[in-house]
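There are 4 protein chains.
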Amino acid sequence: MKSSMSKKLFSRSQKVDDLGLISKLTGTRRIINRDGSFNISRRGLPYWESFSIYHWLISMSWIKFCFIILVSYLIINILFALLYYAGGEENFTGIVANNEFERFLNEFFFSTQTFTTVGYGRVSPAGIYSNVISSIESLAGLLSLAIATGLLYGRFSRPMAKILYSDKALIAPHLDGNAFQFRIANKRAGHQMVDVEVELMMSKAEAGKRSFYNLKLEYSKINFFTATWTVNHLINDASPLYGLSMNDFKKLDIEFLALIKGFDDTFAQVVHSRNSYIHDEISWGAKFVSLYSVDDEGNTSVDLNRISEVEKAELHSVN
Amino acid sequence: MKSSMSKKLFSRSQKVDDLGLISKLTGTRRIINRDGSFNISRRGLPYWESFSIYHWLISMSWIKFCFIILVSYLIINILFALLYYAGGEENFTGIVANNEFERFLNEFFFSTQTFTTVGYGRVSPAGIYSNVISSIESLAGLLSLAIATGLLYGRFSRPMAKILYSDKALIAPHLDGNAFQFRIANKRAGHQMVDVEVELMMSKAEAGKRSFYNLKLEYSKINFFTATWTVNHLINDASPLYGLSMNDFKKLDIEFLALIKGFDDTFAQVVHSRNSYIHDEISWGAKFVSLYSVDDEGNTSVDLNRISEVEKAELHSVN
Amino acid sequence: MKSSMSKKLFSRSQKVDDLGLISKLTGTRRIINRDGSFNISRRGLPYWESFSIYHWLISMSWIKFCFIILVSYLIINILFALLYYAGGEENFTGIVANNEFERFLNEFFFSTQTFTTVGYGRVSPAGIYSNVISSIESLAGLLSLAIATGLLYGRFSRPMAKILYSDKALIAPHLDGNAFQFRIANKRAGHQMVDVEVELMMSKAEAGKRSFYNLKLEYSKINFFTATWTVNHLINDASPLYGLSMNDFKKLDIEFLALIKGFDDTFAQVVHSRNSYIHDEISWGAKFVSLYSVDDEGNTSVDLNRISEVEKAELHSVN
Amino acid sequence: MKSSMSKKLFSRSQKVDDLGLISKLTGTRRIINRDGSFNISRRGLPYWESFSIYHWLISMSWIKFCFIILVSYLIINILFALLYYAGGEENFTGIVANNEFERFLNEFFFSTQTFTTVGYGRVSPAGIYSNVISSIESLAGLLSLAIATGLLYGRFSRPMAKILYSDKALIAPHLDGNAFQFRIANKRAGHQMVDVEVELMMSKAEAGKRSFYNLKLEYSKINFFTATWTVNHLINDASPLYGLSMNDFKKLDIEFLALIKGFDDTFAQVVHSRNSYIHDEISWGAKFVSLYSVDDEGNTSVDLNRISEVEKAELHSVN
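Residue numbers (the working numbering), protein chains in the order written: chain W, 30 to 348; chain A, 30 to 348; chain D, 30 to 348; chain C, 30 to 348.
Because the hints were derived from the structure by calculation, they are not lab data.
Remember, predicted model here, so these are calculated numbers, not experimental data.
A portion of the hints provided could be inaccurate.
The list treats identical chains as interchangeable, and a pair is accepted whether it falls inside one copy or across any two copies.
[Claimed, not checked] Within a straight-line C-alpha distance of at most 25 Å, the following computed PhoX-like cross-link-like pairs (lysine-lysine) qualify:
#1 Lys197 with Lys316
#2 Lys238 with Lys279
#3 Lys238 with Lys250
#4 Lys191 with Lys316
#5 Lys233 with Lys279
#6 Lys316 with Lys238
#7 Lys341 with Lys238
#8 Lys245 with Lys279
Could you put together the complete structure from these sequences and hints?
Have a look at this one:
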């Protein structure tokens, strides 16, 4: 009787093989980094097949992005200035220059005024050659600035979950057994999240081969993610963690992979977040302290600074 | 027999603990405000970690938004005007000024003409210094106006459900029992909604601890949200509301949390809406009046002004 | 045995009450128009609460949209021209005018040049007053043109399914019984659709009250919507249509409501379409002809022009 | 006993008829091309009903797109130049021309300066006629460039899965039977995919009629698509492939249709990909080699260049 039940329960914490995950992976590095990126390098494809210029530009740092915009602006205008320069001085009216370099400078600034369509007109094209080039430049300017401004706004309004994870996961007493737990919070004030789901996987390495398990959660979905959520996997006899000790975790190179998705109110879109915990990021025999407090007027507040704060808690013995 | 059935039914109106919701919450304020925001304050994170400038700019009032645009425009142009001013008068042609302040004004307006790329050219940069600054300003103008215009259009076209809720929820007679009911309508003409779902939770506080329940709805999804929908939770013996009186609602500080989502035709996107009802927003022994009328030509119309209108209705006695 | 089975089957063609649909509706007009809009008028809300300017601008005809853009452009520039005119002639350089009207015209065209940021500079602001106004106008121009161009591109790239429906639905012989059928096709070449789902409801009016039923479909989802799909509801004893005659359809004012959604490859988004069939849009005893033909080289083609083409087909007798 | 079980299993690899798929299709071409497009031509609709200018512009090659932008730019400016030319020379100030053609050129370049709103002002409109035309042109320029830049950025940031498929699918030994397999990888570095699902259909032609089957997969969804995934359909007695030989595959003109969808991190959106395998793209008795390697420092890497690499593998005999 009991074994059939546990079999049934077990089927909820399902073993999964050879998926997108790397069952042959015997490396000692973690699978998912703490910033949510996958820890695996890719080879073999020609650079331009694999490289995504969009991803590169949308995810780089702001400083780097501004630098690239500025440098591109400089280079494009130097190129057009050289074209104007090649056309000769008679192609322009209004150039005031004592020497060739000053003429080049005049044409460089004329180029910037054309590219951005500011077009003061003190210097202006007088010949067919310079008129043709500047007609093209003003169009090119509008089009390439459209990409720059699109990226700029895309970066600014990019739908991303900013989930705060507790630094460590816990093996904590829960109900009449123990549970694997971690705590999350929504970092962004104002960005209210609803319909939030968590999927949790566990990976262990045995005999040079990695295997993966979907872990059953006490609750895998919540309607309202008001502030924090303690995600909970009960370690009963249906769990692949059942009977494993702290040492086993290390020996088996156990890693927990969490995938969180929810609807972000401000972006009006579904957002995702990923994280992982490896064996030395797991505290045994601890539980999270409450973050909530109520003041004299009945207002509730939550202290996100203490999201990783735990207190000692005796684990239930499992025989 | 009966108890097993009710147990089964009960499992549909499920108790849920310690989710994103605050089970330790003992505050006396409501959890969700009537505008759909969560009523909990957040502390602990450094301001810039938690603050979302995007959310701030996209959700503020239009008046405030326009004010911020104008003030930023003013400040940026003053800064650039100071830079031009620092460069000296010989850096420009076309300045007409009797004194230093008038020169500054000339340079300020030159700056606005550069920033917006209107570039009349009556005043125009003549030196390297002013040319460099104005090249940067016209680029900066294009880029920062891209964010402003992106936000402007983003605010204008932001996918948001405008759901009209009845002011009060009801405990109304329904079938051969009683039901918890509220009524919703789509405020926006033209924005037709399909695939609309409602999730309803109930929260009560007992012994200083809040617990939460998912309430089973008669219908939780409709294909066509033509005009109005009366959301219905039957208070049978499987409901956590079963046997509670009006006084119990107050004593237990009961709050109903509603989450509505649907596909908006005009935005071509899924939109969400939230609301809550607390004990003194619930009328006992009332039912909603019909909002529909048909004229002589067979045209049906709905009067949204009367969405909260109720009439007295004897509740069924529950023994 | 049989009744229990039919009961079970029946539960799939479920009766649904008082949802977004109007169970009290006794009007004689159809519920969903053939263009997919709902046929119900809304009253009671203050105009500006209910009116959605975004929906109005995004869904009006192109001619009307262009007209509104042009008229707004004209009005805005007349207003600014009046402001410039009020400032007096000495506020501008470059005005060439023999009379007051010509001066106004000069200032009107200066205004258009400022609003669009073209800024030729022949006429340019010389006083503080005109400079302040034109600084504001160029900013206002950029911002309001951002809304106009956003709407223009939004209209152009708006994710909408263009589903072609057969003019009539059929009661056709199918397997060893009869079925309610209609045929759909994807109008847009190139816009390939996958993961397409259909939901079909039926509404009938009896004793002054409308009731609604979800109809069970033979297939309600397809992975690939290559070209056409004949949607099929079997009229077995589990169907609410079972035993109804052509006359009953008319007497009961029966209407079929179809909701189609799928993922559009080009928009990279889910799109929806709606349609309805009322009793005189249903042909009894007919079936759709095949639209496919294969040429000598083995190429298959589909003739969408014949989507509504049917041929006579004897219905199965139901006893 | 056995037959009932196989019946139950069979129901998972379901036969599906007359859906969007063309059951009457007897053409000898494949249904889905290797680029994911459907291989069927459409007739009957009036050209402008069926043609989607948006799809055409968003999916054409970059070279063609740039060419169309340039040619449109040229044509529009020629048209406006002709309008200006028709107005006579006295409508402009600043024109420097020795003959009529040079005047036209002056007006052509004035037009480009107006359309792009660069507006140098050397040539500028002096009469009512030219002022009206140029007011319209600058507005038209802003609006039509909004579509061009919208499309440009839309093309650049278009959410598309770039899935790499193995050149061939395999019939490979798997567990204690055989399986239909193909391998996929995410081509784009940085674009991390989660919640990836595969749907696999099989189509065969018998007696001039095509039938379609949904094939049951060992795993049809993975949470993390780190690098590669070998999709697996077990050919047990519940599979419609059971008992078919390599020759049968050819005779029945069997085609496998794969639909892949997942959430792309960078686009923050769901993306789709399609592919198909026909009989001569299937290798019998082979299995995929592992692509993973671990270097001395424990770093794992995957060699996508070898995604199609297989080695011989004895199939299990099926009796």
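Inset, instruction - Starting from the hint list further up, note which numbers the structure goes against and sort them upward. - result: Hint check: nothing fails, all pass.
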